[in-house]
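Engineer: Chain by chain, the residues:
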Amino acid sequence: MEPLFQFFNNLFPFISDWPEWLAHTVVGVVTVLLLFGFVALFALFAIWLERKISAHMQDRLGPMEVGGWHGWAQPIADAIKLLVKEDIIPAMADRTLFKLAPVIVFTAALAGFAVLPWSQDFIPADLNVGLLYILSVSSFAVIGLLMGGWASNNKWSLYGAMRAASQMISYEIPVALALLAVIMNAGTMSMRHLVIAQSGNILDWNVFNFFPLTAVAFFIYFVASLAEVNRTPFDLPEGESELVGGFHTEYSSMRFAFFFLGEYANMYIVSAIATTVFLGGWLAPFEALNFIPGPIWFVGKAMTLVFIQMWLRWTLPRLRVDQLMYTCWKVLTPFSFAIILLIGLWKVL
Amino acid sequence: MSEIMQEKETTLYLGPQHPGITGNMMIELKVTGDTVQRGTTHVGYLHRGFEKLMEERLWMQCFPIVCRICVPEPDPNEENLARAIEEIEGREVPERAQYIRTMVLELSRMATYLLWMGGQSGSAGLYTMPQWTVGDRDYIIDLFEELTGGRVYHMYIWAGGVRRDLPDGFKDRVRKVLDYLEERLTDYDRLLFENAVFLKRAQGVGIIDKEKAEEWGVVGPPLRGCGIARDVRKDEPYEVYDKLDWEVITHEGSDVYSRAMVRRKEFEQSISIVRQVLDKMPEGPVHNPGPNPLKWKVPAGEAYVRTESARGEFGYYVVSDGSLKPRRVHVRGPAYVHGVTLLEKMLKGMNIADVSFIMNSLGTCPPEIER
Amino acid sequence: MIGFYTVLLFILTGAFLVSFTVALSRFLAPTKDYPEKHIPYECGELPQGEAWIQFNNRFYIVALIFLIFDVEVIFMYPWAVVFNDMGLLAFIEMFIFIFILLVGLAYVWVKGDLDWIKPKPRLEHLAKAKGE
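Protein chains in written order, with the working numbering: chain A, 1 to 349; chain B, 1 to 371; chain C, 1 to 132.
These aren't lab readings, by the way, just hints derived from the structure by calculation.
Mixed in with the good hints, there may be bad ones.
[Stated by the list, open to error] Mimicking DSS-like on lysine-lysine, the simulated pairs with C-alpha atoms at most 27 Å apart in a straight line are:
#	chain 1	residue 1	chain 2	residue 2
1	C	Lys-32	A	Lys-99
2	B	Lys-30	B	Lys-348
3	A	Lys-330	C	Lys-111
[Said to hold, decoys possible] To give a feel for the contact side, a few chain A residues facing chain C, derived at Cβ under 8 Å:
#	residue
4	His-24
5	Met-184
6	Thr-188
7	Glu-250
8	Leu-341
No residue lacks a Cβ here, since even glycine has one placed at the ideal position from N, Cα and C.
Based on the sequences and whatever the hints tell you, model everything.
Structural biologist: Shown next, in the form of structure tokens:
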């Protein structure tokens, strides 16, 4: 029995009476809608948070008016504004690809949520290749970005898309290798079992395994994941002082909003992967704190990483493209290979 | 490999409407991949013809016009025009006025450097710095507002002295702001000037040839960033600079980083200069009045004066034919040399990402190119 | 396999939701159309030349290297899963595999294909740069 189905069956016992295909479809669609709601809410919250964090780092207040308390309704107002904006497609654009690009980017991000384990029971799809799946799905976004940038028929967009593509695929190697270091020990790719293998207290988390090897792997993963989601110091695809808006220069209205949503959803996904693989997922750091439910731990840890991503954005300048490639191929990749070999050696001896 | 395959050149327009460009000008880039092969600067989006305008104005009416030549730092322009007129007329400037002028010039230099720090780090994608520096620049602007009544255009320095004396307690408020900025400089160091990523971006980028720098007419921080100690304040002291204790700051390297360090150290030095000025400032009148401005005829003659502004040497050549209006006012600013000819030379072989980075390090100011 | 069915539902529903929202926005948003709105953005100038240009081949070289490495990483994942059970043999095998990989990386490194072009100022006037 799938954990997700069991979860819903416990809540609503009557669904086990339905035909199997119907029950699974209903459960699946309800989960997607729930997670879509979560993504939208998270993005709105993250946008608000980013604006407030940047404001306070920069001696400003940020949005204060809309909604009363510290401008909490500002992102909602922004979302409504984007919804009622005119949708403009450039004259010479490839219209089909132009329209398809945001769909791919956002769907890829949403599909990544399918294997995130929120707690022991609630995991939408507990695939036995979960980690591999999430890596492959998240690289779908590259295709969307490339499509969007190319279809816009704008030089800045094309440059942004090309940079995004070369950057994201390059940094996929260190990401995959860093995660591999953990799988070698855990012996599973299921997101759920990866977390279960870390049960215990904080010292059983993977990040403290083979100290300091996995910790270095975690660091490599985090740096590379910044590049995966185009955050500073790796935000070259959309660096405004060079490429104006990068791949989404020509996008407006809801299509732009979905690029934006996809970006924030990806920020959450990479943080959630780091949480699951390195930081013990839904587990509490100490036995004594077990009374706090798992999802709160999970979201809390992921949000901490998201906060660090935002923090870095407002303290670091952007790298140049040759330095970016240097960091990936000549620093992170050799180091992650070394870590895999060292962990293998450690385990064998 | 890349030598074999001929890549096609693409034309990219950077500006006039581009987030990385300082002001309204355009750089036409011929690029292959993301390497710039040629860069051509196009100006003319801001032309207002200040020099010609001044030929149709009374002498007094020229002062509000020269302020507009470079928006971030109007004071060196006023100073230049005032000194040129004084030289033609042979008018004395009271000593207190000279001290006040020095203080105003140094404060305006600090304000411009703050703006520049923001632009430099903004062009590298760090947007915290502009918010900080523009916020801190406001303290200096507030001082100017109290002193002159204007926040951006001061029209404070005029022929024969300055427009009015310091308000009560002004010196203390200046000292307070200086203390604050000095303390704040450590924050800037930690955020930008010692930031590893910034060093990576800035060192070895945008190199000016040291041997040719003077020949090309490079001035100000870019020249001192080549290790050449040239500063009008020292070479040809005006006002009270020769009575103060300060050194010309140079930095070897001739790259973006050395220019940044020159500015950063000069900022610190300006604080000390203003402190000395405040300590040594004598009492006395601040203005040596001339005739009624409406009937003010400057005797026939000509003068060339120079001032060290935050972006380099500003020269004014003023000719009077003895009438109510100037015969000719010629402005020789640093931005044309830096922003047009030098920039075009430096862009060859650069990455697209470095274009606005280098441009900011030179301190280009498009309105001044087209005075 | 039900997990994969859920994933399929995720993709279908996600695509539907995006299309639905975009359609909703088209329905809500005003259209005040004129031709200038559809000109591609080129910093205030009229676009010149093709935007679909021949692009720098370096990007494709990077893509090629990525492809090789990614395929190899895919091979390593199943190995990592069973690593605990296989022990020394698996380690030696994978060591050989990684070694070959690293030789490849070293080759590409030495050949200079990992280098993005470093901005080398081509200053004709600069004697030092000419000498280099």
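Engineer: Hint check: Lys-30 of chain B vs Lys-348 of chain B, CA-CA at most 27 Å. Holds or violated?
Structural biologist: holds, 10 Å
Engineer: For the hint on Thr-188 of chain A, does the least C-beta distance to chain C fall short of 8 Å?
Structural biologist: Where the cut-off is 8 Å and the nearest Cβ of chain C is about 6 Å from Thr-188 of chain A, the hint holds.
Engineer: Does the interface hint hold: is His-24 of chain A within less than 8 Å of chain C, judged Cβ to Cβ?
Structural biologist: holds, 6 Å
Engineer: Against the 27 Å threshold, does the CA-CA distance of Lys-330 of chain A and Lys-111 of chain C hold or violate the hint?
Structural biologist: holds, 13 Å
Engineer: Please verify that hint: Leu-341 of chain A, Cβ, nearest Cβ of chain C, below 8 Å or not.
Structural biologist: holds, 6 Å
Engineer: Next item in the hint list is Glu-250 of chain A. Is there a CB on chain C closer than 8 Å to its CB?
Structural biologist: holds, 6 Å
Engineer: Taking 27 Å as the top limit, are the C-alpha atoms of Lys-32 of chain C and Lys-99 of chain A close enough?
Structural biologist: holds, 20 Å
Engineer: A closest beta-carbon separation below 8 Å is what the hint needs, so does Met-184 of chain A meet it against chain C?
Structural biologist: holds, 4 Å
The structure fails none of the hints (numbered hints given earlier).
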